[in-house]
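Engineer: Chain by chain, the residues:
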Amino acid sequence: MFDLSGESVIVRISIVIGLGALAAASVFLLVAFALRGRLVRQTERRAAIEAVWLPVMLQSMRQEFPTTPTLRRRERGAVLALWNRMTAAIEGEAVERLCVFADRAGLITAARALSKEGSGEELVVAATFLGRNRDAAGVPVLLDLAQKEPIVVRAEAARALVRIEPEAGVRSVVPMIARWEDCHSAVAVAILRDAPSEVVSEVVAGHALAAQDPGAQARLVDVLAIIKGRAGHAAARTLLDRQPPPEVASRCLAVLREHRAPEDAILVRPYLKHEMPFVRVQAVAALARLQGSGDVWRIAGCLGDRDWWVRNRAARAVVTSPAIARSLVELLASVHPDRYARGALVQVLGEIGAS
Amino acid sequence: MSGWVSVGEWLILGYFIILHFVYIGLNFVAYASITRSRLRRFGALTAVDPAFMPPVTLIVPAYNEEGGIVASVKSILQLTYPTFEVVVVNDGSTDGTLDRLHEAFALAEYGEAYRDRVPTAPVRRFMISRTYPAVRVVDKENGGKADAVNAAVNVARYPLFCTIDADSVLQRDSIQRVVQPFLDDGSVIASGGTIRVINESVIREGFLEQLAMPSKMLVRFQVVEYLRAFLFGRLGWSAFNGLLVLSGAFGMFRKETVIAAGGFRTDTLGEDMEMVVRLHRIMREAKRKYRVAYIPDPIVFTEAPENLRTLGRQRIRWQRGLGESLRMNRGLAFRGFPGWVSYPFNLLFEMYGSFVEVLGYLITAVAFATGTISLSAFFAFLLVSFGLGLAFSASAVVLEELSFHVYPRRSDLLALMGAAVLENFGYRQANAWWRLIGVIRHVRGAEASWGVMTRRGIASSGDAYTRSGESPTGVHT
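Top line first, the protein sequences correspond to chains X and G.
Using the numbering used here, read the first sequence as starting at 337 and increasing by one per residue.
Using the numbering used here, read the second sequence as starting at 1485 and increasing by one per residue.
No wet-lab data here; the hints were simulated from the structure.
Every residue, glycine too, gets a C-beta built ideally from N, C-alpha and C.
Keep in mind that the hints are not guaranteed to be accurate.
Only some residues are given here: those of chain X computed to face chain G with a beta carbon under 7 angstroms [said to hold, decoys possible]:
1. Ile351
2. Ala360
3. Phe364
4. Arg372
FRET-style restraints, in silico, Cβ to Cβ [as the list claims (entries may be wrong)]:
5. X:Arg381 / G:Asp1669: 33 to 41 angstroms
6. G:Arg1894 / X:Arg409: 23 to 31 angstroms
7. G:Lys1771 / X:Ala359: 42 to 50 angstroms
8. G:Arg1520 / X:Ile426: 29 to 37 angstroms
9. G:Phe1909 / X:Leu355: 13 to 21 angstroms
10. X:Gln483 / G:Lys1771: 28 to 36 angstroms
Taking lysine to any residue pairs in the SDA-like style, the calculated list, with each CA pair at most 25 angstroms apart, reads [to be verified]:
11. G:Lys1773 / X:Gln548
12. X:Lys484 / G:Thr1519
13. G:Lys1773 / X:Glu517
14. X:Lys609 / X:Ala570
15. X:Lys564 / G:Leu1667
16. G:Lys1771 / X:Pro550
17. G:Lys1773 / G:Met1537
18. X:Lys484 / X:Gly456
19. X:Lys609 / X:Arg652
20. G:Lys1739 / X:Asp518
21. G:Lys1739 / X:Trp644
22. G:Lys1771 / G:Asp1668
23. X:Lys564 / X:Arg625
24. G:Lys1773 / X:Glu611
25. X:Lys609 / X:Arg634
26. G:Lys1739 / X:Glu583
27. G:Lys1773 / X:Pro550
28. X:Lys452 / G:Ser1521
29. G:Lys1558 / G:Lys1739
30. G:Lys1558 / G:Asp1579
31. X:Lys484 / G:Ala1723
32. G:Lys1771 / G:Arg1749
My request is simple: use the sequences and hints to build the entire structure.
Structural biologist: As structure tokens, then:
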């Protein structure tokens, strides 16, 4: 259309860039359509797989043992995901029957294969399957998966290990959790949930006491605050005795708060004077829960603390304490020599009164 | 004359090449990030134990919002999150905003032990709901949106806070999603997510029921623009911790960091963007480890302007907000990745790039009209501009298909593609023009004014706050 022979270099460059961009745009638009097509096909394929496999799984739960359909290679992920969904929704004997079905239908072999060669999503599906199926032969595969990236895959593999052999699983998984810096305590708790709390508490407490890194120690103590156990309680007491770093101390105080043992008050009291306000806040909260008869006045002593949060928590503890009559608290709120203490008490009285 | 035209041509071509080189880089990064985030969403263990979800304060600044404030707070109360409080700030409303809140939430006055950690206009009183103890109301004298947010930050109980515009529509799990980066990485100081356009969609009880493709072409252009800005612009920058903009309509901040930074500035049109740029500057100056996170998940839905007048005003305001944020935080320049790359890029391309764009169109048109350049040269420049614009829009559509495909019908995809093509004829030029006006007004230091947002879908009175932070500033191409 145009004669470019006499045109400057800049015009030629522009045309090359423009045509290249147009070609890229065309490719992108085609890719977008292809992706939409793939999505539609995937949805249809999943529906077709469910239409075949769901009735068979339901029959197997009723102990009817139907003829199992042939598991095609490309269907493995979707069938395992369906099986995972089914087992997550039911409990008891029906799960055992689904496990028997999984063996007969070749799902276990499929899961092991998928855990070696699948995509990220397929690795997660395979790990979940092996865990729910409680297949002890799957342990080596899961130990491999627990070394992979990203955390989603590792965490699912770790949880599967705990499901298969709770005690042994906890013993092999907790050291991993202590090492995994990207494993938030919440994920750690989710991984360990299926094991007996006393076992988890004992193993986690052991590692928390031995940990050298305060970050790892804090993560493990966090777990002890949620999964309650005697060993965890004892570990928190031991750690507090050792005067640990502030981030560990505050978490240990949280553990003591959860256990509500009055004899812990003696360990908590010194922390009311800790230099870090977030530790003092936890100490006030813990002491308020332990409800020692004289401690409410110790807490009242924190009403004039230099940190707003310590004053607020102390006021909340004093106002809600059964050991002090409301009339006395109201008197305190009007005559306390410290205006910040008065402010904290007035605020909490107002908030609690309104609710 | 032709010598000058030639120099101009080279400069403009150079500008486009550098700009798009960066965009291509962001695009690649965005593809990788989308793939990672898909896997993250897939993992069942990402459903964090509620015991570990940090409690959050949700801040609703309200000025003359009597029409929608109650519905807005009630829908916020339905969000699924273990522990949160709602702090509504009545910023000296002259209508019945406070009365409506009183009626709906049975407010009782109480004596807050108020800490004026960030200075604000005088606070009149504090109220707490008798029916919903998680709802508190701060009644203060008018000081603007940033001032209202600062007052709420002063009374916030929890370590994370988030501002929510009264007319934003959230997902039920929006908080959970936007808090996740704080759980994943302890150094995160702020996080935000993607905003989507909600015009003509079905909203029930404050939540989105069905997202529709808007019928107006002007709104569709904005849909494509938002996809481009959020899905590869912000996602790309965030991978390098170089993101300078978070959505003001729903951005989560670490409270103590914001207080240490002095709170939100009241003398800028883009207080949320300014805050993010300032946080980068302060953390870099203090040489502290930090991260501003971004998740691609759609967490907030917002109504886009449906007429050119409102759209123009909005874009001018955004551009001025950008200019102010960059000017107020010059100290960020040449400090780490944000200082060496994001800041100069935003300054040269997002801010003053509109000069080059408009100049490019003018030079090309004038040179063609005066016969200085040939027809083929004229079309060559148009081809570059159109081709690159289309390529990046189409790429954003691919990212959308790879990740969320929130528009379910095939016809929606066609509509998106059609808008991606047509926006190159007029819309992009108008955008460049508005941005140029914004730059000129910023340079001249014209007085800031919020203007009035004409809305039709989500109840809000005319002089309520208009939003600033949902700006898709970042990838305008």
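Engineer: Are the hints correct? Go through all of them and say.
Structural biologist: These are the hints, each one checked on the structure:
1. Ile351: Given a least distance of 5 angstroms, the restraint on Ile351 of chain X holds.
2. Ala360: holds, 5 angstroms
3. Phe364: holds, 3 angstroms
4. Arg372: Because about 5 angstroms separates Arg372 of chain X from the closest Cβ in chain G, which is inside the 7 angstroms limit, the hint holds.
5. X:Arg381 / G:Asp1669: 33 to 41 angstroms: holds, 37 angstroms
6. G:Arg1894 / X:Arg409: 23 to 31 angstroms: holds, 29 angstroms
7. G:Lys1771 / X:Ala359: 42 to 50 angstroms: holds, 46 angstroms
8. G:Arg1520 / X:Ile426: 29 to 37 angstroms: Check passed, 32 angstroms falls within 29 to 37 angstroms.
9. G:Phe1909 / X:Leu355: 13 to 21 angstroms: holds, 19 angstroms
10. X:Gln483 / G:Lys1771: 28 to 36 angstroms: Roughly 34 angstroms apart at Cβ, these two residues keep to the hinted range, so it holds.
11. G:Lys1773 / X:Gln548: Roughly 22 angstroms between the alpha carbons, so the hint for Lys1773 of chain G and Gln548 of chain X holds.
12. X:Lys484 / G:Thr1519: holds, 17 angstroms
13. G:Lys1773 / X:Glu517: This hinted pair holds, its Cα atoms lying about 16 angstroms apart.
14. X:Lys609 / X:Ala570: holds, 23 angstroms
15. X:Lys564 / G:Leu1667: With a Cα-Cα distance of about 22 angstroms, the restraint between Lys564 of chain X and Leu1667 of chain G holds, given a limit of 25 angstroms.
16. G:Lys1771 / X:Pro550: holds, 22 angstroms
17. G:Lys1773 / G:Met1537: holds, 22 angstroms
18. X:Lys484 / X:Gly456: holds, 10 angstroms
19. X:Lys609 / X:Arg652: Status holds; Cα separation ~18 angstroms.
20. G:Lys1739 / X:Asp518: holds, 23 angstroms
21. G:Lys1739 / X:Trp644: The hint holds at about 14 angstroms.
22. G:Lys1771 / G:Asp1668: holds, 21 angstroms
23. X:Lys564 / X:Arg625: holds, 16 angstroms
24. G:Lys1773 / X:Glu611: Holds: Lys1773 of chain G and Glu611 of chain X sit about 24 angstroms apart, inside 25 angstroms.
25. X:Lys609 / X:Arg634: holds, 11 angstroms
26. G:Lys1739 / X:Glu583: holds, 19 angstroms
27. G:Lys1773 / X:Pro550: Distance of about 18 angstroms is within 25 angstroms: holds.
28. X:Lys452 / G:Ser1521: Roughly 22 angstroms between the alpha carbons, so the hint for Lys452 of chain X and Ser1521 of chain G holds.
29. G:Lys1558 / G:Lys1739: Roughly 24 angstroms between the alpha carbons, so the hint for Lys1558 of chain G and Lys1739 of chain G holds.
30. G:Lys1558 / G:Asp1579: holds, 20 angstroms
31. X:Lys484 / G:Ala1723: Within the cut-off at roughly 21 angstroms; holds.
32. G:Lys1771 / G:Arg1749: holds, 23 angstroms
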